[in-house]
Amino acid sequence: MTDIAVPDRALPPGPLARLMRRKLAVFGLLLIALVVGGAIFAPLIAPFDPFQQNFDGLTIEGAPMPPGGAYPLGTDLLGRDLLSRILYGARTSLIIGVLANGMALLIGTLVGITAGYFRGWVGSILMRFTDLMMAFPALLLAICLAAIFTPSLWIVAMVIALVNWVQTARVIYTETTSLAERDFIAAERTLGAGTGRILFRHILPHLVPTIIVWGTLGISTTVLLEATLSYLGVGVQPPTPSWGNIIFENQTYFQAAPWLVFFPGAAILMLALAFNLVGDALRDVLDPTLRGSD
Amino acid sequence: MPAYLARRLFQSALILLGVSFITFFLLFVLPADPVRQIAGRSATPQTVENIRRELGLDQPFVVQYGRYLWGLVQGDMGRSYLQKTDVSTLIAARLPPTLLLMAAGIACELVLGLAMGMVAALRRGRATDNVLMMTSFVAVSAPQFVVSLILLYIFAVRLGWFPIGGYGTWHHLVLPAVTLGILGSGWYARMMRSSMVEVLRADFIRTARAKGLTRRAVIFRHALPNAILPIIAMIGIDIGIFMGGIVVVEGVFGWPGIGQLAWQAIQRVDIPIIMGVTLVSACAIVLGNLLADLITPFIDPRIRIR
Numbered sequence: 001m002t003d004i005a006v007p008d009r010a011l012p013p014g015p016l017a018r019l020m021r022r023k024l025a026v027f028g029l030l031l032i033a034l035v036v037g038g039a040i041f042a043p044l045i046a047p048f049d050p051f052q053q054n055f056d057g058l059t060i061e062g063a064p065m066p067p068g069g070a071y072p073l074g075t076d077l078l079g080r081d082l083l084s085r086i087l088y089g090a091r092t093s094l095i096i097g098v099l100a101n102g103m104a105l106l107i108g109t110l111v112g113i114t115a116g117y118f119r120g121w122v123g124s125i126l127m128r129f130t131d132l133m134m135a136f137p138a139l140l141l142a143i144c145l146a147a148i149f150t151p152s153l154w155i156v157a158m159v160i161a162l163v164n165w166v167q168t169a170r171v172i173y174t175e176t177t178s179l180a181e182r183d184f185i186a187a188e189r190t191l192g193a194g195t196g197r198i199l200f201r202h203i204l205p206h207l208v209p210t211i212i213v214w215g216t217l218g219i220s221t222t223v224l225l226e227a228t229l230s231y232l233g234v235g236v237q238p239p240t241p242s243w244g245n246i247i248f249e250n251q252t253y254f255q256a257a258p259w260l261v262f263f264p265g266a267a268i269l270m271l272a273l274a275f276n277l278v279g280d281a282l283r284d285v286l287d288p289t290l291r292g293s294d
Numbered sequence: 001m002p003a004y005l006a007r008r009l010f011q012s013a014l015i016l017l018g019v020s021f022i023t024f025f026l027l028f029v030l031p032a033d034p035v036r037q038i039a040g041r042s043a044t045p046q047t048v049e050n051i052r053r054e055l056g057l058d059q060p061f062v063v064q065y066g067r068y069l070w071g072l073v074q075g076d077m078g079r080s081y082l083q084k085t086d087v088s089t090l091i092a093a094r095l096p097p098t099l100l101l102m103a104a105g106i107a108c109e110l111v112l113g114l115a116m117g118m119v120a121a122l123r124r125g126r127a128t129d130n131v132l133m134m135t136s137f138v139a140v141s142a143p144q145f146v147v148s149l150i151l152l153y154i155f156a157v158r159l160g161w162f163p164i165g166g167y168g169t170w171h172h173l174v175l176p177a178v179t180l181g182i183l184g185s186g187w188y189a190r191m192m193r194s195s196m197v198e199v200l201r202a203d204f205i206r207t208a209r210a211k212g213l214t215r216r217a218v219i220f221r222h223a224l225p226n227a228i229l230p231i232i233a234m235i236g237i238d239i240g241i242f243m244g245g246i247v248v249v250e251g252v253f254g255w256p257g258i259g260q261l262a263w264q265a266i267q268r269v270d271i272p273i274i275m276g277v278t279l280v281s282a283c284a285i286v287l288g289n290l291l292a293d294l295i296t297p298f299i300d301p302r303i304r305i306r
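In order, the protein sequence lines correspond to chains L and V. To convert, note that position 93 of the first sequence is 93 in my numbering; the numbers rise steadily by one, no gaps. To convert, note that position 8 of the second sequence is 8 in my numbering; the numbers rise steadily by one, no gaps.
Derived from the structure by calculation, the hints contain no laboratory data. By construction, the Cβ of each residue, glycine as well, lies at the ideal position given by its N, Cα and C atoms. Among the hints, a few may not be true.
Stated by the list, open to error - Among chain V residues calculated to face chain L with C-beta under 8 Å, some are: (1) L30; (2) P34; (3) I150; (4) V157; (5) L159; (6) P163; (7) G244; (8) P256; (9) Q260; (10) Q264; (11) I266.
Stated by the list, open to error - Which chain V residues face chain L? A few, computed with CB under 7 Å, are given here: (12) I15; (13) G18; (14) F137; (15) A142; (16) F145; (17) L149; (18) L151; (19) I239; (20) M243; (21) V247; (22) A262; (23) I285.
Here chain V stands alone, though its shape is the one from the complex:
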C-alpha cells in the first residue's frame, strides 16, 4: 500500500508537471500579448519594451518556464500582471466560495440522483422508471447556462424567493447549488439505477426476503448501502466535470469563486492567474481520481490494489 501510494503520488506530480508545461507553452505561442493589455493602447513602443523586460517576457521560453517552475517549487505562483497581487493570495481568497459551492452542489446531485436511481430501479420497466430515466437524459443534455438562467428567472426574478446573484448568506447559495445538482443528478441517477438493479438480483437480497424481512428493511438496510458503495468512488471522478461547470454557473450567479477569477483573467490575458487556476483545477482532478482509486478497495474488498 505505501509503495502503491508513493507511485501514484509520483505519477500525479508528473501529470501536474505536464499540465503546467502544456498550459505555459500554449500561452507562450498563442497570439495574445499580455504586455499590450498592461500598457494600454496609448503606450509608446519604449514603454511596452520596458514592461516586457520588467516581467521577463523578453526571455526565451525555456528561461521563462524554468523561472516559473522554480517559483512553484518554493510555493510562489507568481504575481498577477494587472492586479499587482500574488496569485496565491488571489486564489486563496476565491477558493472558499468555490469549495462551498462544490460541496453544496455535490450534496444536491447525490440526493437527487441517488433518489431518482433508487426509485427507478425499484419500479424497473414501469412508467415511473421510464419517466425517471427520460428525466435523467434531459438533465445530462441540458446546457449549464440555460438551466442557471431559467432557475434564476423563475425563482429570483419572478417569485423573488432568492437573490439574483452574489454571495454571503445561504439564500445566495441555493440557486447555484441546485443548478449544479440538477445537472449532475442525471449521471448519478443512471449509475445508481444499474447498481441497484444488480444488487436487487443478488443472493443476499433473496435471503433477506426469505427470512421474512419487510420490504422496507430489505431495501433500506440491505440493498441501499450496497448499491451506494460503487457510486462513492465516482464522486472523485466527477470533480473534473464539476470544475468545468463551475466557470459558467459562477458567472451567471455572480459567485466570487475561482471560476470567475479564471474567466476575468482569460479576458485580460493575465497569464499568471490563468496558470494558477489551471494548476489548482488540475490538482483537484488528479486528487479526485486518486481518492476514487484509493477508496475503491475499502468499499469492495474484492478489488485489490496492485
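For reference, chain L alone in the conformation it holds in the complex:
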C-alpha cells in the first residue's frame, strides 16, 4: 500500500496568530508586559525603598529633586524616589484593574445572561435596572461612594466594579437574546437539557469572545477610574503608592516640579492605551462578522 499524499494545506491562522500580525496589538502587548514585569520585579528593579524618605532626596530648600543623578526620575515632596514609587504603583494599578474589572465582568455577564435568557419580568426588571444605572453620572457616583467609605484597595475595587458592570451587561444581554433564539438552543431544549446546562454549556461558550474583548477594554476604563479617584484623594490612600495618588500628593509642587505629574501620568496613559489597543485588535480578530477583513 502506498501512502496517500496529504496535500500540504495550511490551516487558517488562529485568533492568536492573527492578533500577532497587528502591529498596534503587539505594541500594546509589549507595553502590558513592561508594566507587569515592572510590578512583579519591583523589589529587584527599584533603586530605593518606595516608602523611604531619603535624607539627600530633597534640595537644600526642601524641594523635590529633579530627574537625574541618583534618582533617575527625581524625588517627591517627601524625598522618596519617584521611579521606585511608580514601579510599586504599577502593582496597585494592576491589582485594582484585574480585581475590579473581574468583578464588573462577573456582575455584567450574570445580569446580561439572565436578562437575555429569561425574558418576561425577570429580564425586564434587570434591564430596566441597567437603564437606570446608565442614567447615573458614573464618576459622581464613584466619587460619592469612595468618599463616604474609608477607602481601602478592596473598597476602591468594589466601587469601580459597581459603576462599570453596566456596559458589559448590555452587550451580553443583546448577544444572549439572539443566541437564545437560535435553532441549536431549541434543539437542546427539545432533547431535555436543563436551563443550567443550556446556559453554561451552550450559551456561555459562545459569549467568551465578547467577554474577552470587553474584559480587555474594561481594564483600561478601570485603570483610568482608579487613577482619577486616587488623584481626587478618595481612592487608594497614601503612603501606598498608586499612580493617581502620587499626583494627588505632589500637586502643591506641580508648578516647580512638573515631573511629579508627568511621569506617573505617562504611566497611567501607557497602561490604559495598551489595554485599549489590545482590546480593539481582539474585537477585530474575534468578531466572526469581521473575519477575513484584516
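Please arrange chain V on chain L, whose structure you already have, making use of the hints.
Positioned in the frame of chain L, the structure of chain V alone reads:
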C-alpha cells in the same frame, strides 16, 4: 409620534425617580453622618440630637424620602445643610458656567474629532491614517486630570498665554474647553472615520465622481454631510461621559460649575446638594439620550420610530 414621545417621557421620569431613590438610599445607609459635619467636633450629644431632629434626620427612611419627593414635586430641592441656602439657588448659580464649558468643550471635540476622522478616512491605510488613529487611541486613554495639568503647566505656567484658573473672560475658558475637546476627540475621530469610509463606498459618491465633479466637491458637498449625520445623534449620548469629566476638569481649573459644587458637597456630606447635582446630571443624561433617539429618524428617514 406623540404617543412615542409620551411613552419615552414617562420612561425618563421613571428612570429619574429610580436614580433619586437609589442615591437617597445610598446616602441613608452609608456610614457618613451629616449631623457631625454640621455640629462640629465640640458639640454636645444634646446639640447633635437637636440638629438631627430639626433636619428631620431622626425619621425613618420612608418618611425622609417621601418628604424629599413631595418637595421635588413642588419644585423644592431642599436646603443645603451647611450653606443654609436653597439647593435650587445654588445649582442655578453654578449651572451657567458648566453649560458654557460644556458647549465650548463639545464644539472643540467635534471640530478636532471630525477633522481627524475625515482625514484618516481619506488617507485610509496610509501613514497619516495610522498616525491619526494612534492619536485617537491616546486621546481615549488619557486621564482627564493629567491632560488638564499638563496643558495648565505648558500654556499657563510656562508660556503664560492663559490664566492658571478661574472664570470670567474667554481666556479662562480656552484651557478647560480644549482639555475636554482633546479627551473627547478620540471617540469622535474613530466614529467619523468609519462613517466616512462607509459613505465613500456608496453608489452616490461613485455617481458624483462619474459626472466629473472635482474631488473637493465630492468630499465636501456629498460625502461630508452624509458622514456627519450619524455622528450628530452621538452627541446626546456623549453628555453622560461629559458630566463625569467635568468634575475633574472644573476642579483643576477652578471653574465654578456644578462639578465643583458636587465635589465640595461630597466632602462635607451635604446630602441635599449631592442629591440635587446627581438628579440634574441624570436629567441631562436622560434628555441627551432622548434627543439622540428623537433626532435619528429625522437624520436618516430609513429609521422609523416604533
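Verification of the supplied hints:
1. L30: Result: holds, 4 Å to nearest chain L Cβ.
2. P34: violated (11 Å)
3. I150: Result: holds, 7 Å to nearest chain L Cβ.
4. V157: holds (5 Å)
5. L159: violated (13 Å)
6. P163: Hint on P163 (chain V): violated, closest Cβ of chain L at ~14 Å, above 8 Å.
7. G244: Cβ of G244 (chain V) sits 3 Å from chain L, so the hint holds.
8. P256: Violated, about 17 Å.
9. Q260: violated (12 Å)
10. Q264: Status violated, d = 11 Å.
11. I266: holds (5 Å)
12. I15: holds (5 Å)
13. G18: holds (4 Å)
14. F137: holds (6 Å)
15. A142: holds (5 Å)
16. F145: Because about 5 Å separates F145 (chain V) from the closest Cβ in chain L, which is inside the 7 Å limit, the hint holds.
17. L149: holds (5 Å)
18. L151: violated (11 Å)
19. I239: At about 10 Å, which exceeds the 7 Å cut-off, the nearest Cβ of chain L leaves the hint on I239 (chain V) violated.
20. M243: holds (5 Å)
21. V247: The hint holds - V247 (chain V) has a Cβ within 7 Å of chain L, the shortest such distance being about 6 Å.
22. A262: With a closest approach of 6 Å, the A262 (chain V) hint holds.
23. I285: It holds, given that the least Cβ distance between I285 (chain V) and chain L is near 5 Å, below 7 Å.
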